[in-house]
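Novice: Sequence:
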Amino acid sequence: MGIQRLATVDGFIVFDFDDARFSAGGTRYAPDVTEAEAALLARAMTYKFGVLGLQAGGAKGAVRGTPDQKAELLTRYCEEIRPLVQEGRFGTGPDLGTSESDFAPLRDPSAPPSVMTARIGGDLIEDLVTGFGVVVAAETAMGSVDGASFAIEGFGKVGGGVAREAIRRGARVVAVSTIEGSVFDPAGLDVEALIGLRRVHGDGFVHHAGSRLETDPRELFGVEADVLVPGARTGVITPEVADRLRTRWIVPAANVPYTAGAIDVMRGRRVRYLADFVCNAGATIGYTSGAQGPGELFRHVEEKISKLQGQAGAHPSGPYEGACAMAEAYLETWRGKEGLPPRPPLA
Numbered sequence: 003m004g005i006q007r008l009a010t011v012d013g014f015i016v017f018d019f020d021d022a023r024f025s026a027g028g029t030r031y032a033p034d035v036t037e038a039e040a041a042l043l044a045r046a047m048t049y050k051f052g053v054l055g056l057q058a059g060g061a062k063g064a065v066r067g068t069p070d071q072k073a074e075l076l077t078r079y080c081e082e083i084r085p086l087v088q089e090g091r092f093g094t095g096p097d098l099g100t101s102e103s104d105f106a107p108l109r110d111p112s113a114p115p116s117v118m119t120a121r122i123g124g125d126l127i128e129d130l131v132t133g134f135g136v137v138v139a140a141e142t143a144m145g146s147v148d149g150a151s152f153a154i155e156g157f158g159k160v161g162g163g164v165a166r167e168a169i170r171r172g173a174r175v176v177a178v179s180t181i182e183g184s185v186f187d188p189a190g191l192d193v194e195a196l197i198g199l200r201r202v203h204g205d206g207f208v209h210h211a212g213s214r215l216e217t218d219p220r221e222l223f224g225v226e227a228d229v230l231v232p233g234a235r236t237g238v239i240t241p242e243v244a245d246r247l248r249t250r251w252i253v254p255a256a257n258v259p260y261t262a263g264a265i266d267v268m269r270g271r272r273v274r275y276l277a278d279f280v281c282n283a284g285a286t287i288g289y290t291s292g293a294q295g296p297g298e299l300f301r302h303v304e305e306k307i308s309k310l311q312g313q314a315g316a317h318p319s320g321p322y323e324g325a326c327a328m329a330e331a332y333l334e335t336w337r338g339k340e341g342l343p344p345r346p347p348l349a
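Converting from the sequence shown to the working numbering requires adding 2 to each position, the first position being numbered 1.
Just so you know, the hints here were simulated from the structure itself, not pulled from any lab data. Note that the Cβ used here is the ideal one computed from N, Cα and C, for glycine as well. It cannot be assumed that every hint is accurate.
[What the hints assert, rightly or not] Here are the simulated EDC-like pairs of lysine to aspartate or glutamate, each with C-alpha atoms no more than 20 Å apart in a straight line:
{"id": "1", "residue 1": "K159", "residue 2": "E102"}
{"id": "2", "residue 1": "K309", "residue 2": "E330"}
{"id": "3", "residue 1": "K72", "residue 2": "D12"}
{"id": "4", "residue 1": "K72", "residue 2": "E82"}
{"id": "5", "residue 1": "K159", "residue 2": "D205"}
{"id": "6", "residue 1": "K72", "residue 2": "E102"}
{"id": "7", "residue 1": "K309", "residue 2": "E298"}
{"id": "8", "residue 1": "K72", "residue 2": "D21"}
{"id": "9", "residue 1": "K309", "residue 2": "E323"}
{"id": "10", "residue 1": "K159", "residue 2": "E182"}
{"id": "11", "residue 1": "K339", "residue 2": "E323"}
{"id": "12", "residue 1": "K159", "residue 2": "D110"}
{"id": "13", "residue 1": "K309", "residue 2": "E340"}
[As the list claims (entries may be wrong)] Quick list of the computed label-pair ranges, beta carbon to beta carbon:
{"id": "14", "residue 1": "G4", "residue 2": "E81", "range": "19 to 25 Å"}
{"id": "15", "residue 1": "R121", "residue 2": "G55", "range": "40 to 46 Å"}
{"id": "16", "residue 1": "E74", "residue 2": "E182", "range": "23 to 29 Å"}
{"id": "17", "residue 1": "G4", "residue 2": "E182", "range": "34 to 40 Å"}
Start from the sequences, fold in the hints, and give me the full structure.
Specialist: Structure, rendered in structure tokens:
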């Protein structure tokens, strides 16, 4: 693992394999992103590329700053990393706090626009496809999500996509959270109303939702629901959280939600915890699919995630362990046993 600290911004790039010919991963913009967090996210990208059969090392870019500094800092960031991109050593795109438009200076203006930047009903496909894939993974693992209840941590662009797709497939969303708090309704929340409130109030929409409000967003992890979707920062499923879960299935939208200590607790309680790097692979699949239109892209994402989740779920130790074994088997084909990561992506 290697870290390249940047000179023109308060930021860095973490490379999971410092000897890889090509590495890729999103760039995160946040005031508090750390090198340790980015290292975990880079490892998650390595495993995501592994299960997808892509010969690339995982990486993660990070820039620290406030919202009012974002445009200037990301312009500087793109200019500084341009040589790495042009040399074919590093590829990057949207992550927490960034969108595809932030990386326009790095793109070839003569290239045809990617289907990922198209819109459906006003929403960018890149904002929808990850949430879509999460629900596909849940349905594959569970057989059906029709009638299932979902609790979604981090109700932003991806969380909204998860909620909409879950509703479309007959589920109900009973709880959502942001950094401002959590809202609950066991009968089901009005997802479209919440998305509308979020457009107006941002993370503070929870105070206007008209449902039961908890000011501590961590209360979401104790909600009774069939499916819990961790969708924010790394390491949120600790042993203490795992011990009070009231759900049977964890289907992550965010990377590296599990701590190493939580695995044994969840296994002992027979909670089924899916691999984040399979569930949230929709955007990576989309960008590498070559799909010519939205319909083709979503079909491809559904087919790929369904296949991967089905294979992972057949592993005798469980779907997370199965996904790790699949990723490591592919990594070994081009890294050899000595070049495998020392451990899977666990906080």
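Novice: Need the list of violated hint numbers for this structure, in ascending order.
Specialist: Violated hints (numbers, rising): 8, 12, 13 and 15; every other hint is consistent with the structure.
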